[in-house]
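Keeping the supplied structure of chain A fixed, place chain B upon it in accordance with the hints.
There are 2 protein chains.
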Amino acid sequence: MSAVKADALQRFAAQIFARAGLPDAHAALVAEVLVWANLRGMDSHGVMRIPRYVALIEAGDMNPLPTLAIVSETAASVLLDADRAAGPVAMTAAIDHAMRKARAAGIGLALVRATTHTAALGYYTSRAAVAGMAGLAISASWPNMAYHGARAAGVATSPLSIAVPGGDAEPIVLDMASGIVSVGKLAQARQAGRPIPEGWAFDADGNPTTDPTRAQIPLPLGGPKGSGLALMIELITSLIVANPILAESLEGTETGRHHRQNGAAIAIDISRFGDVAVFRREAARLARALKALPRVPDTDEILLPGERGHRTRASRARAGIALPAPIAAELAALAQKLGVPPLSAER
Amino acid sequence: MSAVKADALQRFAAQIFARAGLPDAHAALVAEVLVWANLRGMDSHGVMRIPRYVALIEAGDMNPLPTLAIVSETAASVLLDADRAAGPVAMTAAIDHAMRKARAAGIGLALVRATTHTAALGYYTSRAAVAGMAGLAISASWPNMAYHGARAAGVATSPLSIAVPGGDAEPIVLDMASGIVSVGKLAQARQAGRPIPEGWAFDADGNPTTDPTRAQIPLPLGGPKGSGLALMIELITSLIVANPILAESLEGTETGRHHRQNGAAIAIDISRFGDVAVFRREAARLARALKALPRVPDTDEILLPGERGHRTRASRARAGIALPAPIAAELAALAQKLGVPPLSAER
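Taken in order, these protein sequences are the chains called A and B.
Okay, so the first sequence: first residue is 1 according to this note's numbering, each after it adds one.
Okay, so the second sequence: first residue is 348 according to this note's numbering, each after it adds one.
Isolated chain A, as found in the complex (with noise of 0.2 Å):
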């Protein structure tokens, strides 16, 4: 592992998508939401996806030059066509306009159509939360877990955000998967040779497995919640956009096949119904309360959603953000190919 300083990373990661032909203030932003996730410690939705953005764009799935466009447009809502755009892209524009909305009329409603890997929602629930608002984020993507009573994907591990403005300058954060464990999970197991708890996963044939060569399609989180979270995720994003994804990849049609996410972001102007500072306030209240809980053996600390990558963040702002060899070969040699100069020289 080689520690690297998050604004080199997120230079070189910018000039890796402005060689892969996205605009330079496009190429800076998604190498900021990629950097963020590094710093909070969300590695698996980092700089490792970088190989993967730039393949989707060979591949032609993801658009380096889309031209993002309000379809239709309400006093508190907009339907954006993200004409493929990277996710960060779509998802910044809608949390932006969401916000727009919220202040003039409350709460405000993005619905994204036709984006691509939306990356850590969380960037952009933040984003409502330092402005002093509620955010919240969804996004809908191709079928990777087990649906409930399925022995086979049907829906995917689709996250939800929420963040709200804490006691201090923090917001508060929630960004969860509705999969009992993440792809990403399975596959720090799988290269650590750890077998997994039962219940997580099926493999490739739909059968219960603890051996994590074998792990492929993570379960749900509590069943029918986790499946029926997905699922709903589903219909209140692609099917409102009349872009479905999921029933597309099951039917093995041609569209099917290819990487595309519809994506929502809310914001709910706090201002609007009370006192900002009282929210504030309250909310270093009740986690006071929290912290002062008793604790379960082997916990320090009782954590609100979010603390830990704030935390995280602070140390590894100091001590720069750690790549595997893997990961950072994998960088050094698209660099290469894209012409960019390597990491190491910009520390």
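By construction, these hints were calculated from the structure, which means they are not laboratory data.
Partial selection, computed: residues in chain A whose CB lies under 7 Å from chain B: (1) A75; (2) G106; (3) L109; (4) A152; (5) V164; (6) K225; (7) I236; (8) A242; (9) L246; (10) L290; (11) P294; (12) V296.
For each label pair, taking beta carbons as the anchor points, the in silico distance ranges come out as: (13) A/R281 to B/A534: 36 to 42 Å; (14) A/V130 to B/I417: 26 to 32 Å; (15) A/A242 to B/D354: 37 to 43 Å.
We put the beta carbon where it would ideally sit given N, CA and C, even for glycine.
Structure of chain B alone, referenced to chain A:
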């Protein structure tokens, strides 16, 4: 167990609430929402709650004659002070306000301040779905579930419901709590003397237990996910409407010892973004694709969220609702006390 026809049970419940002091229209609505839950097999949210509701009125925590007031209103939202109304009265008003706003603004939000037990949230979201909208409802209550890392109750088993129009007349309706198990299911295991699985609950002292007679505190669904979701529900309802519930209870204030709930309802008008008929067709298509997936052993059919409830309603509408003897006896005693004709005479 004696089976009672739904309409007789609903008239009986309405008479009880009317005698307990609710206006006839409110009494009928609360009865309808409770019997709706019984019909759909959610008996824990049905008429077994009647004695508790009457006790809440007697204790002064539920106001039988509330004045529901719009505290503030924007193009897409209302803040509704429910004046400690019965939850079904407040939440039905909320979803109706949300739908009214959604028709005008694409999305509508009703925040509910100071209500009481909100009953089965699926009733309200289904109301939106039947009108061709997506509905979302949440409610915040006092601490009865462990917060992740704590060995004591820190958050509520706060429920979340989402409903959309389905392929046929029945909506697709998810109604899930944020606990791994409901307090009601723990009570059922206790009555049956059945050990509960590891990981479901703590005893009163915060120790893990499989003994149903000792299980008191349900654990959150997926650890930090479930308790994080429950916390966010408190933050985006109770803290936005400046009526905190968890902190009051955790600090042991006088206010915190009273039964209080807050809630929120959101409606999205699908017709403002596309064609509801297309939405329904795509929902049917996705349902077909999911139902065609290979099934796990001992699963006869893959079900959509709410589908089991629709079927139970069909059978219970014919066969009646079976009331366990202790509940029937409790209701009979309450009816006698309030001068309501016994249920048996109404069959």
